[in-house]
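First to last, the sequence lines map onto chains A and B. With the first letter of the first sequence counted as 1, position 17 gets the number 17 in my numbering; the numbers rise by one all the way through. With the first letter of the second sequence counted as 1, position 107 gets the number 107 in my numbering; the numbers rise by one all the way through.
It should be emphasised that the hints constitute simulated quantities derived from the structure, not laboratory data. Among these hints, one or two may not hold up.
Stated by the list, open to error - Some chain A residues close to chain B (C-beta under 10 Å, calculated; not the full set): (1) Met20; (2) Ser72; (3) Thr100; (4) Cys101; (5) Gly122; (6) Val131.
We put the CB at the ideal spot given by N, CA and C, even for glycine.
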Amino acid sequence: MAEILPDVESLAAAIPDGAMLAVFKDNGVAMEATRALIRRGARDLHLVTVPTSAFQAELLIAAGCVATIETSGVTMWELGQAPAFVRAVKSGAVRIRDATCPAIYAQLQAGEKGIPFMPLRGLIGSDLLKVRPDFKVIENPFGPDGASDPIVALPAIRPDVALFHVAKADRRGNVWIDRQAELRSLAHAAHASYVTAEEIVDHDLTGHEATAGATIPASYIAGVAHAPNGAWPMAMPGRYASDTDYLARYCQAARSAEGLARWLAGEGLACHAAAE
Amino acid sequence: MSGHPAKELLIDVVARLLEGVRSVAVGVLSPIAGSAAMLAQSRAAGAMQVQIIGSTLATYRTDGGVDLFDAAGQGRIDAFFLSGGQIDGRGNINLLGVGDYPGTTARWSGSFGSAYLYYLVPRVILVREEHTKRTLVDKVDFISAAGTSPPNVHRTGGPHALVTGRCLFMFDKARGRFRLESVHPGESVASVRENTGFDFDCPDTVPETPPPSAATLKAIRRDIAPKIADPYPKFAAEVLGYTVPEAAQ
Numbered sequence: 001m002a003e004i005l006p007d008v009e010s011l012a013a014a015i016p017d018g019a020m021l022a023v024f025k026d027n028g029v030a031m032e033a034t035r036a037l038i039r040r041g042a043r044d045l046h047l048v049t050v051p052t053s054a055f056q057a058e059l060l061i062a063a064g065c066v067a068t069i070e071t072s073g074v075t076m077w078e079l080g081q082a083p084a085f086v087r088a089v090k091s092g093a094v095r096i097r098d099a100t101c102p103a104i105y106a107q108l109q110a111g112e113k114g115i116p117f118m119p120l121r122g123l124i125g126s127d128l129l130k131v132r133p134d135f136k137v138i139e140n141p142f143g144p145d146g147a148s149d150p151i152v153a154l155p156a157i158r159p160d161v162a163l164f165h166v167a168k169a170d171r172r173g174n175v176w177i178d179r180q181a182e183l184r185s186l187a188h189a190a191h192a193s194y195v196t197a198e199e200i201v202d203h204d205l206t207g208h209e210a211t212a213g214a215t216i217p218a219s220y221i222a223g224v225a226h227a228p229n230g231a232w233p234m235a236m237p238g239r240y241a242s243d244t245d246y247l248a249r250y251c252q253a254a255r256s257a258e259g260l261a262r263w264l265a266g267e268g269l270a271c272h273a274a275a276e
Numbered sequence: 001m002s003g004h005p006a007k008e009l010l011i012d013v014v015a016r017l018l019e020g021v022r023s024v025a026v027g028v029l030s031p032i033a034g035s036a037a038m039l040a041q042s043r044a045a046g047a048m049q050v051q052i053i054g055s056t057l058a059t060y061r062t063d064g065g066v067d068l069f070d071a072a073g074q075g076r077i078d079a080f081f082l083s084g085g086q087i088d089g090r091g092n093i094n095l096l097g098v099g100d101y102p103g104t105t106a107r108w109s110g111s112f113g114s115a116y117l118y119y120l121v122p123r124v125i126l127v128r129e130e131h132t133k134r135t136l137v138d139k140v141d142f143i144s145a146a147g148t149s150p151p152n153v154h155r156t157g158g159p160h161a162l163v164t165g166r167c168l169f170m171f172d173k174a175r176g177r178f179r180l181e182s183v184h185p186g187e188s189v190a191s192v193r194e195n196t197g198f199d200f201d202c203p204d205t206v207p208e209t210p211p212p213s214a215a216t217l218k219a220i221r222r223d224i225a226p227k228i229a230d231p232y233p234k235f236a237a238e239v240l241g242y243t244v245p246e247a248a249q
């Protein structure tokens with residue numbers, strides 16, 4: 001059953017070094033928890049982005065928390081390349097396992113079903129198969145008699161920890177995921193899900209028809225912490241937009257390793273309230 | 001309101017490539033494709049469904065990330081857009097990087113959904129404005145997604161056209177090669193050949209890409225700009241001359 005944690009620092013303390021940590025793309029990004037992970041000096045994470053990431057993966061890599069990243073893409077979108085990600089991959093400081101978006105979703109679906117693999121169309125002829133020997137081409141066992149129908153089998157992903165941010169959780173640890181339906185697969189596949197929430201409500205989210213359908217029950221959640229503005233500087237749909245000026249300042253600072261070090265020592269790890 | 005003629009031309013070219021399509025999806029970082037899909041939809045009089053990833057407008061909203069891939073797998077998506085840091089003459093695209101893997105000379109973001117959608121969406125339109133020997137190469141350094149597949153590989157999709165800042169190429173699936181279809185105003189077969197790193201088929205006469213009509217320009221600037229500003233405010237402002245009103249931000 002979910003534990004309601006006293007603060008985001010306690011949540012970060014529950015995520016061990018070396019964990020396979022899965023994070024969700026650009027809406028529902030647990031940025032305050034990410035900064036707390038960096039403040040506690042997390043190391044050797046195997047980061048899985050579902051299926052891509054922007055500032056969250058970039059910041060964890062910039063702070064030296066990541067040993068391996070499994071991703072379909074890391075980008076700062078309109079602001080251009082993610083500078084620390086690019087440097088770390090080019091230098092080999094971070095090991096990369098390149099993927100493609102639907103593969104990561106399919107691998108989580110295998111994980112949530114407790115089955116060893118999921119087949120997926122496409123991919124054959126892509127060099128991703130050369131750099132991902134764990135993606136295997138098999139024959140469709142249900143194919144027409146005598147005719148070859150190769151298809152790619154992808155290994156299940158069962159992250160040690162999933163980490164994401166939602167608008168609402170309740171005191172039992174049920175979490176409301178709004179439109180982000182993929183979070184359900186992620187929480188089902190992970191051994192432990194830690195969630196930060198804009199607000200923690202007193203009523204039972206599973207007890208109201210309007211919210212029950214988009215609520216992950218507490219049985220899948222290990223811990224919840226209250227984190228107002230917890231996605232900042234990323235957007236929280238319906239609540240706040242991304243802080244483009246801040247992200248642009250980061251990209252500017254992170255152009256050089258020296259600038260990045262200064263930024264991390266300065267405003268980089270401050271929480272939202274302190275940065276205002 | 002004034003626009004950016006070169007980009008408006010590309011929007012018009014891409015919109016024409018979408019004629020007759022029932023269902024279009026637009027991925028990330030694709031403001032020209034998004035604008036073109038909106039334009040094509042307005043011309044289709046209700047017969048075209050358009051989903052734009054990143055848009056919060058109800059009309060264009062997607063049903064979450066995984067749905068697009070499932071829908072493509074079932075054949076529910078007719079057209080999609082991809083690009084590449086490198087594109088080669090066999091239609092292979094590279095979104096990953098240059099040099100030895102994982103990209104020791106240049107490293108880009110990653111392959112995103114290309115390694116799947118390129119195989120399953122029948123009409124994939126490649127849009128790459130920079131038309132140089134750096135971007136249009138003989139052979140990509142890394143194949144994020146292959147342009148063609150052997151006959152035994154399940155494949156319902158693939159490249160349909162390549163739109164660049166200089167010309168429009170159509171992809172000939174049987175030959176696995178691009179064919180020069182039209183050159184944009186100010187360009188010629190010679191200038192295209194000079195700036196293309198791959199060999200392509202070329203008919204004896206190649207027409208000039210027709211410029212967008214006055215009605216099309218009006219539609220882009222008046223109707224499309226405020227809608228594409230939802231996912232792409234920077235593009236709407238800098239290219240189409242549209243600034244989101246303060247109160248709506």
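**Message:** I'd like to know which numbered hints this structure contradicts. Please list them from smallest to largest.
**Reply:** 1
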